[in-house]
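Trainee: Residue strings, one per chain:
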Amino acid sequence: MTYQLATAKIWDGAAWVPAKMPVAPFNPQDLSPDLWLDASDATTITASGTPAKVSQWVNKGSVSANFTQATGANQPTTGATTKNGLNVLDFDGGDYLNSSVTNDWKFLHDGTKYFVCIAITVGTGSNPNAIYAFMGTNGVGSANVGCSFAYEDRTAAVTNNATRTTMTRGSSGTFPVDVNVGDTWIPNQWNVVTILLDPSASIALDRNAVKVNAGFEYRTNTQSFAVSTANPTYALQVGAAANNFGPMVGSIGEIFVVQGANATQENRDKVIGYLNAKWSVF
Amino acid sequence: MWRQWTSLADFDSWHDAACAALGIPHPGFNAATGEVDEDAQWTTAYTEAVEVSPDDWRAVVEDDVTELVPEGLGVPCDPPPYVEPELNADSDTAHSDLDDVIEALGFDRSELEAELDADEA
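Going line by line, the protein sequences match chains A and B.
Sequential numbering from 5 applies to the first sequence in my numbering.
Sequential numbering from 405 applies to the second sequence in my numbering.
Keep in mind that a hint or two might mislead.
Unchecked claim - To list a few chain B residues with every Cβ distance to chain A over 12 Å, as calculated:
| id | residue |
| --- | --- |
| 1 | Asp414 |
| 2 | Asn434 |
| 3 | Asp460 |
| 4 | Pro480 |
| 5 | Ser514 |
| 6 | Glu519 |
| 7 | Asp521 |
Claimed, not checked - With beta-carbon atoms standing in for the labels, derived distance ranges:
| id | chain 1 | residue 1 | chain 2 | residue 2 | range |
| --- | --- | --- | --- | --- | --- |
| 8 | A | Phe220 | B | Glu455 | 34 to 42 Å |
| 9 | B | Ala518 | A | Trp20 | 27 to 35 Å |
| 10 | B | Val456 | A | Thr47 | 39 to 47 Å |
Simulated from the structure, these hints should not be mistaken for laboratory data.
Positions of the beta carbon are idealized from the N, C-alpha and C atoms, including for glycine.
Using the sequences provided together with the hints, build the complete structure.
Mentor: Dropping the structure here:
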């Protein structure tokens with residue numbers, strides 16, 4: 005077996021220091037991801053114009069859903085920005101890509117265990133005072149059914165550089181998961197952001213685990229309402245939380261969503277390592 | 405930049421001209437091969453108007469299109485009024501604050517701090 009070198013951080017007795025670690029080759033396809041969007045794979049991108057605007061991004065995961073945008077002014081840009089020499093998609097705060105079948109994404113809120121991993125940067129400064137959602141099915145509204153994920157730094161929300169998960173059940177004010185994990189995500193620089201969810205866990209803290217880059221895993225959800233097993237209100241949207249709410253300003257390199265038996269901390273960490281080795285984030 | 409029209413008909417008239425100038429509808433190209441992909445999503449519109457009121461229609465228009473199709477272009481305006489979906493009140497939202505975690509686990513912070521002080525001593 006040929007081993008690869010990955011960047012990691014090790015404890016040297018006094019501090020965490022970067023180090024190169026030998027790791028067995030990891031193929032994301034081994035995890036059978038439901039969602040795998042890869043901006044570095046040009047074969048998955050359909051675009052037109054200068055700068056090139058994306059009308060379709062093909063999912064390399066198991067859900068046979070493409071993410072599309074027919075309206076030119078709402079199409080993200082490709083071919084303009086790179087990270088670690090790899091192409092990324094740029095979103096300007098009014099760009100979204102939509103899937104079409106709501107039932108494909110029911111597992112994001114119906115109690116299924118899964119994780120989300122994304123290589124992403126948001127904002128253009130150190131204090132955006134904004135909510136930038138990178139994907140979702142509920143438009144954040146609690147009267148809707150679904151789940152959404154965002155960077156949250158609004159003054160009104162009294163949060164700073166938070167990773168926000170909002171899982172809703174179609175009942176105003178009641179949430180299976182709703183948490184802002186503060187001071188986890190630095191704007192205007194690249195991050196590998198991960199959220200491991202077990203929405204039916206009896207202990208609320210175990211329902212949502214956020215880990216960004218090589219940081220700690222935070223389990224701070226205190227919401228404990230039962231999940232909805234209905235279809236989500238909207239099909240999954242990338243670049244906003246669905247219904248065009250909370251559109252992000254920033255760039256996406258790659259997104260994974262893995263559900264079921266493969267949705268473990270160990271596999272989540274493998275994907276973190278894979279994304280970091282590929283995109284050179286931390 | 406957001407632009408404002410006083411009627412949907414005025415917006416539609418400008419939008420039709422913009423689509424004609426931009427060659428919309430049109431297919432996209434595969435980013436790897438550069439070949440036209442007829443089966444992938446086409447671009448079928450340039451922008452979408454948001455109704456603020458019956459005489460207030462607003463849409464995003466990019467600078468290059470503003471220059472390309474100036475006739476009938478709406479006037480610059482603010483984005484549509486922001487109607488935020490219902491969000492959880494901050495008091496209902498868990499944060500990563502240590503106090504939240506301590507409370508959720510049923511500990512008393514002062515007791516924990518006393519234990520830490522004793523350990524350090």
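Trainee: All the hints need checking, so say for each whether the structure fits it.
Mentor: Results of checking the hints against the structure:
1. Asp414: 18 Å, holds
2. Asn434: About 6 Å separates asparagine 434 of chain B from the closest Cβ of chain A, which leaves it inside 12 Å; violated.
3. Asp460: 19 Å, holds
4. Pro480: 15 Å, holds
5. Ser514: Per Cβ check, serine 514 of chain B is outside 12 Å of chain A; nearest 21 Å; holds.
6. Glu519: 21 Å, holds
7. Asp521: The claim stands: aspartate 521 of chain B keeps its Cβ more than 12 Å from every Cβ of chain A (closest is about 23 Å).
8. A/Phe220 to B/Glu455: 34 to 42 Å: At roughly 46 Å between Cβ atoms, glutamate 455 of chain B and phenylalanine 220 of chain A fall outside 34 to 42 Å, so the hint is violated.
9. B/Ala518 to A/Trp20: 27 to 35 Å: Since alanine 518 of chain B and tryptophan 20 of chain A have Cβ atoms about 29 Å apart, the given range 27 to 35 Å holds.
10. B/Val456 to A/Thr47: 39 to 47 Å: At roughly 41 Å between Cβ atoms, threonine 47 of chain A and valine 456 of chain B fall inside 39 to 47 Å, so the hint holds.
Violated hints, listed in ascending order, are 2 and 8; each of the other numbered hints is respected by the structure.
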